[in-house]
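According to numbering that gives the first Met the number 0, the sequence shown is numbered sequentially starting from 0.
Heads up, a few of these hints could be off.
[Stated by the list, open to error] FRET-style restraints, in silico, Cβ to Cβ:
1. H326 <-> R352: 31 to 41 angstroms
2. N11 <-> R82: 21 to 31 angstroms
3. R13 <-> T181: 26 to 36 angstroms
[Stated by the list, open to error] Below, computed lysine-lysine pairings styled on DSS-like, alpha-carbon distance capped at 30 angstroms:
4. K65 <-> K108
5. K9 <-> K108
6. K189 <-> K273
Just so you know, the hints here were simulated from the structure itself, not pulled from any lab data. We put the CB at the ideal spot given by N, CA and C, even for glycine.
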Amino acid sequence: MTIAGSPDQKLNRRLRLGMVGGGRGAFIGAVHRIAARIDDRWELVAGALSSDPERAKASGEDLLLKPDRIYGDFNEMARRERRLKDGIDAVAIVTPNHAHAAAARAFLKAGIHVICDKPLTTTRREADQLAKLTRESGLIFAVTHNYTGYPLVRQARAMIQAGELGAIRVVQVEYAQDWLATRMEETGSKQAEWRTDPARSGPAGAVGDIGTHAFNLAEFIVGDEVASLSAELHTFVDGRRLDDNAHMMLRFASGAKGMLWCSQVAAGLENGLKIRVYGEKAGLEWHQENPNYLTFSALGEPPRTIRRNGYGADDASRAASRIPGGHPEGYLEGFAQLYTDVAEQITARIEKREPSPFSLQVPTVDQGVRGVRFIEAAVRSSQRKATWVDL
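Using the sequences and the accompanying hints, generate a full structural model.
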């Protein structure tokens with residue numbers, strides 16, 4: 000929603016946030032709500048929190064929303080919020096994947112900025128339509144690849160952009176978990192149930208859920224796009240309808256080579272997102288489970304450890320840090336950084352000024368489209384016995 004302002008007008012309120020999905024029993028909705036509050040830039044004022052009207056009402060009451068701002072469906076919410084003087088500034092879409100596209104369209108057409116969980120949609124056609132609609136509307140559309148909000152991920156990106164590694168040669172990225180090593184979808188787990196259902200998750204399982212994060216992280220840090228890939232998707236758990244493991248080779252547009260592994264059946268691993276990047280002059284290594292440290296290895300020199308908000312930290316990482324070094328920051332703060340960056344972009348529009356350049360690192364609808372293309376290319380390559388497929 001665009002709000003009129005003058006160049007010297009200052010916003011004297013929190014931004015108003017709406018939410019679609021994320022009601023009782025949902026994991027990611029609570030994460031988004033916590034993250035939005037961390038830097039005190041947002042206030043949740045409206046929601047269509049479930050496709051079940053009774054659950055939506057109960058969920059809204061749980062969150063102390065006013066009765067007239069609790070909606071039975073997102074179309075009603077978009078129509079009404081558009082007309083309200085104190086309507087929402089942005090909506091967070093935190094539904095299962097299959098519902099992203101319709102909800103995002105409704106709010107874009109209502110003139111409301113969108114913050115959408117990944118993957119953007121379940122089909123490339125829908126993703127391209129959202130990108131076109133976003134460009135035509137001029138609205139902000141952020142995709143919550145939260146790992147791009149980690150301070151040392153942003154520092155790694157800045158170091159590569161500054162040429163500290165030289166020309167990039169090799170990129171190794173992996174995201175491995177074990178939570179679907181058994182038939183969790185048959186135990187009553189809501190998260191496992193929809194993530195392994197093609198009708199709600201889309202054409203891929205592990206690739207769509209966590210492989211997209213690994214893919215996005217690699218392109219974000221390296222500042223280059225994957226041009227083509229060769230993928231083999233596997234389903235190790237009997238009876239499962241989508242992949243739970245995948246191995247891929249990557250070719251970047253610059254000529255760099257890479258490998259990507261994603262798995263949700265890797266026994267003993269919790270949230271093992273890791274990336275290593277090697278250039279002609281140096282290498283970088285970062286582990287999500289120990290995110291406050293970045294290893295930099297110049298050719299012929301001992302490895303150097305860069306600490307978040309400590310020795311070796313640069314402006315890019317300090318701008319995304321909240322507390323002194325030695326106090327861990329991680330998952331929630333990564334989400335919070337994206338919410339704060341989007342808030343800065345929206346506030347700058349209201350105040351008619353340029354936003355902080357650091358706030359412009361948030362993944363956009365275009366990165367969302369890249370993620371959907373990645374999923375479809377991986378599935379297609381695997382169906383063709385790991386044939387190389389262009390993105």
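Do the hints match the structure? See the list:
1. Distance hint for H326 and R352: a CB-CB separation of about 32 angstroms, consistent with the stated range 31 to 41 angstroms.
2. Hint check: N11 to R82, Cβ distance near 23 angstroms, so the stated range 21 to 31 angstroms holds.
3. The hint said 26 to 36 angstroms for the Cβ distance between R13 and T181, and at roughly 43 angstroms that hint is violated.
4. Taking the CA atoms of K65 and K108, the gap is about 24 angstroms. The hint holds against a cut of 30 angstroms.
5. For a cut-off of 30 angstroms, the pair hint linking K9 to K108 stands: about 27 angstroms separates their Cα positions.
6. Taken as a hint, the K189 and K273 pair is honoured in the structure, with Cα atoms around 27 angstroms apart against an allowance of 30 angstroms.
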